[in-house]
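Chemist: With the hints as extra help, turn the sequences into a complete structure.
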Amino acid sequence: MESDRTVALKELLGVSGKDQVGNYSFFVMPGIRLKIAKFIRLLRSLLPSTNSSSQSTIKTSTISSDLLQQYPFLNDLIYCLESNLLNDLTLDIISNMISNLVHSKNLFRYKQSVKDFAACLYILGGRTVVEFIRLNIPGFIPSLPSLRPMLQSSKYHFIEGVFQYDHLADFIKPFNCKYAFCGEDSTSVVPKVSYDTLSDCFVGFTLPLKHGFPCPRYFSTNSFGELENWYNEVDVSFNINVHIIQGLFSIGQTSPPPFLLGAYGTNSKYTALDVLKRWINIFDLCMAQNLRILGFSTDCDTRYMKAMRDSMGFFSKFETGFENHPDHFEISMLQNTSWFFLKPHQLFVCLQDGVHLCTKLRNRLLAANVVLLMGEQYASVSYLIELIENCSKIDHGLVISDVYPKDKQNFASCVKISSNGVLNVLKKIQNSEATQVYLQVIF
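In terms of UniProt numbering, the sequence shown opens at residue 1 and continues consecutively.
Fair warning: there could be bad hints in the mix.
Restricting the straight-line Cα-Cα distance to at most 30 Å, the calculated cross-link-like pairs of lysine-lysine (DSSO-like) are [as the list claims (entries may be wrong)]:
| id | residue 1 | residue 2 |
| --- | --- | --- |
| 1 | Lys393 | Lys343 |
| 2 | Lys360 | Lys317 |
| 3 | Lys210 | Lys277 |
| 4 | Lys360 | Lys393 |
| 5 | Lys173 | Lys277 |
| 6 | Lys343 | Lys406 |
| 7 | Lys192 | Lys269 |
| 8 | Lys210 | Lys343 |
| 9 | Lys306 | Lys269 |
| 10 | Lys428 | Lys393 |
| 11 | Lys178 | Lys343 |
| 12 | Lys343 | Lys360 |
| 13 | Lys178 | Lys192 |
| 14 | Lys210 | Lys317 |
Label pairs and their calculated CB-CB ranges [unchecked claim]:
| id | residue 1 | residue 2 | range |
| --- | --- | --- | --- |
| 15 | Asn267 | Ile137 | 37 to 47 Å |
| 16 | Gln440 | Gln409 | 16 to 26 Å |
| 17 | Cys391 | Lys115 | 50 to 60 Å |
| 18 | Ala368 | Tyr195 | 44 to 54 Å |
No wet-lab data here; the hints were simulated from the structure.
We put the CB at the ideal spot given by N, CA and C, even for glycine.
Modeler: Here it is as structure tokens:
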């Protein structure tokens, strides 16, 4: 520009002049020219990122129809979010998992509710379940090393063979529970000896019994020689025995969750007298916590069966002295019942697991070498096979897999073979009365 105002600027940027024709020209110095070119390139490099960021902002607020057609569940997800159909845990899991997927694995973070869920999953399902889910659903739950500090930080540390009566009192206090049932059962475990740092004991050896109770902290030593003797002389536990307390409430009230009273390893070398002594001791110690144990429940093990019969006087002459216990109760309905062989004065009742009993009866009916004679007839699975082959499925609803289930603990098949529809159709089959009676016992 031919102006006096630009003279000073022109002197800084370059050299001005006129050619032979008289046209005005201006020469910019190379250093200044490079700086201007660099500045222009910088502006141009920022322009695409600005456009893309604005476009990404639009994309986050608008979902294309192609994306909705490709993933139809997005419509349902949006509807659930708008209608508040998802609970807090579900929202935490979804948001936590999606936020983790956009980061590298070392930057995965988990909310406390997700950590609590993973801890419960580990307790209920074990290491294999947690690892299977974590490997197949990335970003869903934390790894086991991340969970271990949280599990070990619990204020309640269970020691093998120690029964948690004080913790039981604190547990039932908010529920104002006065009555409960005690369940006891064993399950097989992998025999293994390990060291528990918190109790300073070796866990895995079979604890000796005293009055039916295991002796806690028995295998604690600083001597390698004594530890070697234990390995050579003491049985390693292949079963774990668990005692559960289930509080009872009236119909319509919310029942509290079960409480783990105690657990310990065992080699199954105990007697019915050990079981009976353990039950009476549990009863007295729970009464000291203002909790009345109405009964005990377990499976069909012969030692538990004998302990049940002896405690209730059911076809047993064993003297327990329970009728002289200050907390015994009287079953008034048995006063005028001569045909029911049971003592009217009881300290507690004993029940077997109903599901376990039904599956046992069903499996006995299916056994090929068992003869179930009732009067002049036999209870046999052949009548059920005849029913399936010759009668309409609409009437009975059975299939062959219900009669011969692969899982011997399948309770659903027990319900189906003893249903009213099956019993009604069996009445049309000749000589099936014994089978009908047997199925009614299962029902």
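Chemist: Next step is simple, just say for each hint if it's right about the structure.
Modeler: Tested hints:
The suggested pairing of Lys393 with Lys343 is violated, with an alpha-carbon distance near 47 Å, which exceeds 30 Å. Only pairs whose Cα atoms come within 30 Å are accepted, and Lys360 paired with Lys317 is accepted, the gap being roughly 27 Å. Using a Cα cut-off of 30 Å, the hinted pair Lys210 and Lys277 holds, with the two alpha carbons roughly 9 Å apart. For a cut-off of 30 Å, the pair hint linking Lys360 to Lys393 stands: about 26 Å separates their Cα positions.
For the hint pairing Lys173 with Lys277, the CA-to-CA distance comes to about 27 Å; that is within 30 Å, so the pair holds. Distance hint between Lys343 and Lys406 is unfulfilled; the C-alpha atoms sit about 41 Å from each other, more than 30 Å. Taking the CA atoms of Lys192 and Lys269, the gap is about 18 Å. The hint holds against a cut of 30 Å. The hinted pair formed by Lys210 and Lys343 meets the criterion: a straight-line CA distance of about 29 Å does not exceed 30 Å.
This hinted pair checks out: Lys306 and Lys269 have alpha carbons roughly 15 Å apart, not beyond 30 Å. With a C-alpha separation of about 15 Å, the suggested pairing of Lys428 with Lys393 holds against the 30 Å cut-off. Only pairs whose Cα atoms come within 30 Å are accepted, and Lys178 paired with Lys343 is accepted, the gap being roughly 25 Å. Note on Lys343 and Lys360: the hinted pairing holds, with a Cα-Cα distance of about 27 Å set against a maximum of 30 Å.
Taking the CA atoms of Lys178 and Lys192, the gap is near 39 Å; set against the 30 Å cutoff, the hint is violated. For the proposed pair Lys210 and Lys317, the alpha carbon gap of about 25 Å is at most 30 Å, so the pair holds. At roughly 40 Å, the beta carbons of Asn267 and Ile137 sit within the given window of 37 to 47 Å. Look at Gln440 against Gln409: about 21 Å separates their beta carbons, and that is inside 16 to 26 Å.
Separation of Cys391 from Lys115 is about 55 Å and conforms to the stated range, judged on CB atoms against 50 to 60 Å. Between Ala368 and Tyr195 the C-beta distance comes to about 49 Å, which sits within the given range of 44 to 54 Å.
Consistency with the previously given hints fails for numbers 1, 6, 13, ordered from lowest to highest.
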